[in-house]
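**Q** One letter stands for each residue in the lines below.
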Amino acid sequence: MSIEEQVKDILARITRVDKNIITREATFKEIKADSLDVVQALVAVEETFGIEIPDEEAQKFQNFGDFVSFVENRVAQKEKV
Amino acid sequence: MSVEGKLALVTGSGRGIGRAIALKLASQGADIIVNFFRHRESAEQTARDVVALGAKAEVIRANVGDPEKVNEIFDVIGNKFGHLDILINNAASGVGRPLVDIDVKAWEWTMDINVRACLLCAQRAAKLMEGRGGKIVSISSLGSRFVLPNYTVVGVSKAALEALTRYLAIELAPQGICVNAVAASAVETEALKFYFKEGLIKDSRQATPAGRMVIPEDVANVVAFLCSEEAFMIRGQTIVIDGGTSVGLFTLAGKGE
Chain A
317 MSIEEQVKDI LARITRVDKN IITREATFKE IKADSLDVVQ ALVAVEETFG
367 IEIPDEEAQK FQNFGDFVSF VENRVAQKEK V
Chain B
253 MSVEGKLALV TGSGRGIGRA IALKLASQGA DIIVNFFRHR ESAEQTARDV
303 VALGAKAEVI RANVGDPEKV NEIFDVIGNK FGHLDILINN AASGVGRPLV
353 DIDVKAWEWT MDINVRACLL CAQRAAKLME GRGGKIVSIS SLGSRFVLPN
403 YTVVGVSKAA LEALTRYLAI ELAPQGICVN AVAASAVETE ALKFYFKEGL
453 IKDSRQATPA GRMVIPEDVA NVVAFLCSEE AFMIRGQTIV IDGGTSVGLF
503 TLAGKGE
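Protein chains in written order, with the numbering used here: chain A, 317 to 397; chain B, 253 to 509.
Warning: the hint list may mix true and false statements.
Stretch by stretch, here's where chain A covers chain B in the computed footprint (C-beta under 8 Å, at least three residues) [said to hold, decoys possible]:
#	stretch
1	256-267
2	356-364
Take a look, some chain A residues computed to stay more than 10 Å from chain B by CB distance [said to hold, decoys possible]:
#	residue
3	E321
4	D334
5	R340
6	T343
7	F344
8	K345
9	E368
10	F377
11	Q378
12	D382
13	R390
14	A392
15	V397
Quick caveat, the hints were computed from the structure, so don't treat them as lab data. Source: prediction; values computed, not measured. Ideal Cβ placement from N, Cα and C applies to all residues, glycine included.
Start from the sequences and build out the full structure, keeping to the hints where you can.
**A** Next comes the structure, spelled out in structure tokens:
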């Protein structure tokens with residue numbers, strides 16, 4: 317499963333929304349993710365992929381696509397090391 | 253008043269009150285285990301500052317709201333040090349919402365971190381304090397006894413924490429473990445800036461009879477005292493640190509001018 321699909325699964329599980337509404341363009345508001353949902357998603361993603369997502373970076377995410385891109389980059393960096 | 257040579261775990265000590273407590277105890281000669289969850293940079297800075305004070309520091313990342321992670325923290329301490337002298341239950345979180353909007357998830361998140369973690373940490377810490385005694389201090393807030401806007405779930409969690417402190421104090425007393433809590437009014441920290449930004453609380457500077465807001469070092473000073481032998485006969489108490497705010501009802505209501 318791709319990183320995007322895995323992150324989508326995590327977010328859908330936490331927010332209990334239909335996975336189909338979680339597109340790359342969807343904002344957290346559109347996904348019905350409140351601030352606690354976002355924190356829980358960050359934690360779950362960090363544990364799943366063994367990465368860290370600083371709050372300062374997470375605050376810059378405008379939509380689900382930004383979130384996924386950040387995770388993809390961090391996973392790629394980790395694999396390089 | 254010394255904690256020279258003692259080993260202290262301060263949960264949530266990357267920033268704010270936890271950081272101030274870590275540095276205060278380190279300045280008195282205690283080695284510090286710096287626990288953090290979300291801000292590694294801050295935690296590593298705290299650790300560097302502890303070392304600069306001449307003490308040893310160990311950084312452990314863990315969400316104390318997760319029982320497995322709590323076990324991991326204490327497994328590391330047990331394996332590496334074999335003992336613990338001081339536990340500071342400082343890590344906290346919360347969801348600032350009106351009472352009607354608190355759902356099960358927000359309730360459990362807050363309770364798991366602010367209360368359950370303190371019980372689980374105390375249980376594991378007590379084992380590492382066996383035969384040597386120890387100190388446990390938990391960080392509460394005035395929201396445990398006064399109503400603050402959108403603070404319900406945190407306030408309730410802090411009230412439970414203060415009750416837990418009393419029970420721990422009695423049950424752990426035979427093992428030579430002193431358990432207490434401190435409750436501060438609004439403390440100038442990063443976390444507080446969030447509450448100001450969200451308009452959840454008003455600037456409490458003018459409502460404080462002591463003339464300024466509480467700063468993290470005010471809390472750290474009292475915590476360090478509670479960790480000292482001079483505080484041996486204080487058990488199960490919650491010491492209020494608020495510059496007189498809570499005893500001046502009119503100032504609390506903003507009518508003190």
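**Q** Against each hint, give a clear statement of whether it holds in the structure.
**A** The hints, checked one at a time:
no. : hint    : in the structure
1   : 256-267 : violated (count 0)
2   : 356-364 : holds (count 3)
3   : E321    : holds, 24 Å
4   : D334    : holds, 18 Å
5   : R340    : holds, 25 Å
6   : T343    : holds, 19 Å
7   : F344    : holds, 15 Å
8   : K345    : holds, 16 Å
9   : E368    : violated, 6 Å
10  : F377    : holds, 15 Å
11  : Q378    : holds, 19 Å
12  : D382    : holds, 18 Å
13  : R390    : holds, 13 Å
14  : A392    : holds, 20 Å
15  : V397    : holds, 16 Å
Violated hints, in rising order: 1, 9; the structure is consistent with all others.
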